[in-house]
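Peer 1: Chains as they are written, first to last, in this note's numbering: chain G, 1 to 339; chain E, 1001 to 1161.
Among these hints, one or two may not hold up.
[Claimed, not checked] Okay, derived cross-link-like pairs now, BS3-like style, lysine-lysine, Cα gap no bigger than 30 Å in a straight line:
1. E/Lys-1104 with G/Lys-280
2. E/Lys-1153 with G/Lys-287
3. G/Lys-263 with E/Lys-1082
4. E/Lys-1104 with G/Lys-174
5. E/Lys-1148 with G/Lys-32
6. G/Lys-5 with G/Lys-26
7. E/Lys-1040 with E/Lys-1119
8. E/Lys-1125 with G/Lys-263
9. E/Lys-1096 with G/Lys-287
10. E/Lys-1036 with G/Lys-280
11. G/Lys-263 with G/Lys-280
12. E/Lys-1148 with G/Lys-280
13. G/Lys-288 with E/Lys-1148
14. G/Lys-262 with E/Lys-1125
15. E/Lys-1119 with G/Lys-263
16. E/Lys-1040 with G/Lys-174
17. E/Lys-1036 with G/Lys-287
18. G/Lys-69 with G/Lys-32
19. E/Lys-1040 with G/Lys-280
20. E/Lys-1096 with E/Lys-1076
21. G/Lys-288 with E/Lys-1045
22. G/Lys-262 with G/Lys-304
23. G/Lys-38 with G/Lys-65
[Stated by the list, open to error] Here are the simulated distance ranges between beta carbons:
24. E/Leu-1030 with G/Gln-276: 32 to 42 Å
25. G/Ala-72 with E/Val-1161: 41 to 51 Å
26. G/Glu-212 with E/Glu-1067: 33 to 43 Å
27. E/Leu-1020 with G/Gln-276: 54 to 64 Å
28. G/Asp-239 with E/Glu-1057: 51 to 61 Å
29. G/Ser-275 with E/Lys-1119: 30 to 40 Å
30. G/Gly-237 with E/Gly-1027: 25 to 35 Å
31. E/Val-1161 with G/Lys-263: 10 to 20 Å
32. E/Glu-1064 with G/Arg-165: 35 to 45 Å
33. G/Asn-295 with E/Asp-1109: 30 to 40 Å
34. G/Thr-167 with E/Gly-1154: 21 to 31 Å
Read the hints as simulated data drawn from the structure, not as lab findings. Just so you know, these numbers come straight off a predicted model, no measurement behind them. Idealized CB from N, CA, C, for every residue including glycine.
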Amino acid sequence: MKECKIIIMGFGSVGQGIANAISLKKEMINEKYGVQLKVVAVADSSTSAICQDGLDEKLLIDIKKSEGKLSAYPDCGNNMSGIDVLDAVEYDLLMEATPTNIETAEPALSLTLKAFEQGKDVVTSNKGHLAIKFSEVIQAAEENGVEFKYEASVGGAMPIINFTRETLSSCGIKSIIGILNGTTNYILSRMTSEGSSYDITLRESQELGIAETDPTQDVEGIDAACKTVILANSLLGIDATYDDVTVEGISSITSQAIDLAKKDGYLIKLIAEVSQDNLKVSPRLVKKGSSYDVNGTLNMATIKTDLAGDITVMGLGAGSLETASAMLTDVISILKNKY
Amino acid sequence: MRLNLVLELLDVPGQLVSVLEPISGLGANLVTVIHKRDSKNENGKIPVQLTLEGEQESLNRVIERFEELNITIIEKDGVINKELVSTILIGHIVDKDVRDTTDKINSLDGVYVVGFDIKLDGEDKSTALINLETDYGKKQFAFDEIAKIADEKGLLMINEV
Chain G
1 MKECKIIIMG FGSVGQGIAN AISLKKEMIN EKYGVQLKVV AVADSSTSAI
51 CQDGLDEKLL IDIKKSEGKL SAYPDCGNNM SGIDVLDAVE YDLLMEATPT
101 NIETAEPALS LTLKAFEQGK DVVTSNKGHL AIKFSEVIQA AEENGVEFKY
151 EASVGGAMPI INFTRETLSS CGIKSIIGIL NGTTNYILSR MTSEGSSYDI
201 TLRESQELGI AETDPTQDVE GIDAACKTVI LANSLLGIDA TYDDVTVEGI
251 SSITSQAIDL AKKDGYLIKL IAEVSQDNLK VSPRLVKKGS SYDVNGTLNM
301 ATIKTDLAGD ITVMGLGAGS LETASAMLTD VISILKNKY
Chain E
1001 MRLNLVLELL DVPGQLVSVL EPISGLGANL VTVIHKRDSK NENGKIPVQL
1051 TLEGEQESLN RVIERFEELN ITIIEKDGVI NKELVSTILI GHIVDKDVRD
1101 TTDKINSLDG VYVVGFDIKL DGEDKSTALI NLETDYGKKQ FAFDEIAKIA
1151 DEKGLLMINE V
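Model the full structure from these sequences, guided by the hints.
Peer 2: Next up, the structure:
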């Protein structure tokens, strides 16, 4: 029986979603693709659980939830963390779900490059290293002859990177315009339906856990700008980094602006535009009832192609199991190719 | 009577034929066609000038047919078709001389302010919705120029997608 030994780095919402998704789907994957998935190590920011014979995915989640750290995992828990874990156990594939860092790209960058050097495939949901050093990371993967997949980094569960590359492979891509941040879309949707101010709506979203305690990355458009860079590089072949994107967030949007827009048949959305002439994240007016009229935490993107015209995709842009689904799909495509 | 039209066609084979073909069938005569494949406009399309001759009724039928075929008519007898667009400005609009802002927009070639709706929020920033009429194909030019004005005055501009 073929086996794929997996390390999960980062055990927050997405990391736990991965463990959950593997636990739910490993039997199906075994039946359909003849490969047994085995989680051999999981690390959070300061501890880890490592076992060459495989860890129990459900138990990992329970321990993390009840004890707050993975070192409490029976027999296999320890205080090792970060890059050392990659040397502590034999593995085939790294699933990297550490928090995005737009300043240094760490720890994702070091972890990913180290895994490449060890000849291991990597699946990530992280945006930092891709937004700052896209070409460097891709080149390192190519030089080491390993697979590197990052569907989950843009749009969560919404298919866009693999979809455009594979399903639309006959088409040239002219531009991609979309809503790539669920938190801001939620805030703007609520401001539109409730007529409430930005500050009140933000606070409400924080209470609901939709916006983070420090909402800067989302509301100032930083998160959407990272995704813009990833799409520009991966789908339009533009050699861009984060600094090439013009970014304007939603914190200056007034309820009056939303009212005025509404009166004229428009909605205000935080729109990312990816084209050869324009890399831009900014609040824009969209027609009510158009394909951009999606509410709540949903993401969407319209891909403008030369042969197929406009194609629009939509889906949940965040969420534990949703993001993990995109990562597991990446794992399956690696299994299909290599195993 | 005669009718001068400027149409906009995609740069793909068969486009010109599909436009010319219905004309005689609808009782109009084609007097001139000017079709320069190498001069694309800002939409990446090719403008085509036509002069037609016929009864008013026949000419109307031709125009109806073009509309059914989703062919864009940029100009009819020298009158340029307009596009309606909107934009929102947020900031200290009144303090930054609202009259000067609209005057500057109106002075742009082919761009006209046709609606202006402002909401004030006490001492705070105000918000204005501006409806514009632009000559066909001038939309992006209008947005770019207004962005410069907004930038000068420290206003946030929200444009259509």
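Peer 1: Hints first: check each against the structure and report whether it holds.
Peer 2: The hints, checked one at a time:
With a C-alpha separation of about 25 Å, the suggested pair E/Lys-1104 and G/Lys-280 falls inside the 30 Å cut-off, and the hint holds. For the given pair, E/Lys-1153 sits about 27 Å from G/Lys-287 by alpha-carbon distance, which is consistent with the 30 Å threshold. Restraint check: the Cα-Cα separation between G/Lys-263 and E/Lys-1082 comes to about 22 Å, which is no more than 30 Å; the hinted pair holds. For the suggested pair E/Lys-1104 and G/Lys-174, the alpha carbons sit about 33 Å apart, so the restraint of at most 30 Å is broken.
This hinted pair does not check out: E/Lys-1148 and G/Lys-32 have alpha carbons roughly 58 Å apart, beyond 30 Å. Among the hinted pairs, G/Lys-5 with G/Lys-26 is consistent with the structure: their alpha-carbon atoms are about 12 Å apart, no more than 30 Å. Using a Cα cut-off of 30 Å, the hinted pair E/Lys-1040 and E/Lys-1119 is violated, with the two alpha carbons roughly 41 Å apart. Between E/Lys-1125 and G/Lys-263 the alpha-carbon distance is near 20 Å, which keeps this suggested pair within the 30 Å criterion.
For the suggested pair E/Lys-1096 and G/Lys-287, the alpha carbons sit about 29 Å apart, so the restraint of at most 30 Å is met. This hinted pair does not check out: E/Lys-1036 and G/Lys-280 have alpha carbons roughly 34 Å apart, beyond 30 Å. Pair hint G/Lys-263 plus G/Lys-280 holds up; C-alpha atoms about 26 Å apart against a cutoff of 30 Å. Proposed proximity of E/Lys-1148 and G/Lys-280 is supported: the alpha carbons are some 16 Å apart, at most 30 Å.
The hinted pair formed by G/Lys-288 and E/Lys-1148 meets the criterion: a straight-line CA distance of about 27 Å does not exceed 30 Å. Distance check on the hinted pair: G/Lys-262 and E/Lys-1125 sit about 19 Å apart at the alpha-carbon level, within 30 Å; holds. At roughly 12 Å between alpha-carbon atoms, E/Lys-1119 and G/Lys-263 fall within 30 Å of each other, so this suggested pair holds. Among the hinted pairs, E/Lys-1040 with G/Lys-174 is consistent with the structure: their alpha-carbon atoms are about 17 Å apart, no more than 30 Å.
Proximity of E/Lys-1036 to G/Lys-287 is assessed by CA-CA distance (about 34 Å); at most 30 Å being required, the pair is judged violated. A distance of roughly 34 Å separates the Cα atoms of G/Lys-69 and G/Lys-32; the hinted pair therefore is violated under the 30 Å criterion. Restraint check: the Cα-Cα separation between E/Lys-1040 and G/Lys-280 comes to about 26 Å, which is no more than 30 Å; the hinted pair holds. Between E/Lys-1096 and E/Lys-1076 the alpha-carbon distance is near 39 Å, which puts this suggested pair outside the 30 Å criterion.
Restraint check for G/Lys-288 and E/Lys-1045: the C-alpha separation of about 27 Å stays at or below 30 Å, so the hint holds. For a cut-off of 30 Å, the pair hint linking G/Lys-262 to G/Lys-304 stands: about 26 Å separates their Cα positions. Only pairs whose Cα atoms come within 30 Å are accepted, and G/Lys-38 paired with G/Lys-65 is accepted, the gap being roughly 21 Å. A C-beta distance of roughly 38 Å is found between E/Leu-1030 and G/Gln-276, which places it inside the suggested range of 32 to 42 Å.
At about 50 Å, the CB distance of G/Ala-72 to E/Val-1161 agrees with the hint of 41 to 51 Å. About 51 Å separates the C-beta atoms of G/Glu-212 and E/Glu-1067, a value inconsistent with the hinted range of 33 to 43 Å. For E/Leu-1020 and G/Gln-276, the hinted distance range of 54 to 64 Å is not satisfied, since their beta carbons lie about 34 Å from each other. The hinted window of 51 to 61 Å between G/Asp-239 and E/Glu-1057 holds, with their beta carbons roughly 58 Å apart.
Range check, G/Ser-275 to E/Lys-1119: about 33 Å between beta-carbon atoms, so the 30 to 40 Å window is met. The hinted range of 25 to 35 Å is not satisfied by G/Gly-237 and E/Gly-1027, whose Cβ atoms lie roughly 51 Å apart. In this structure, E/Val-1161 and G/Lys-263 meet the distance hint of 10 to 20 Å, their C-beta atoms being roughly 18 Å apart. In this structure the hint that E/Glu-1064 and G/Arg-165 lie 35 to 45 Å apart at CB holds, the actual value being about 43 Å.
Evaluation of the 30 to 40 Å hint for G/Asn-295 and E/Asp-1109 yields a pass: the beta carbon distance comes to about 39 Å. In this structure, G/Thr-167 and E/Gly-1154 break the distance hint of 21 to 31 Å, their C-beta atoms being roughly 44 Å apart.
In terms of the numbered hints stated before, the structure departs from hints 4, 5, 7, 10, 17, 18, 20, 26, 27, 30 and 34, listed from lowest to highest.
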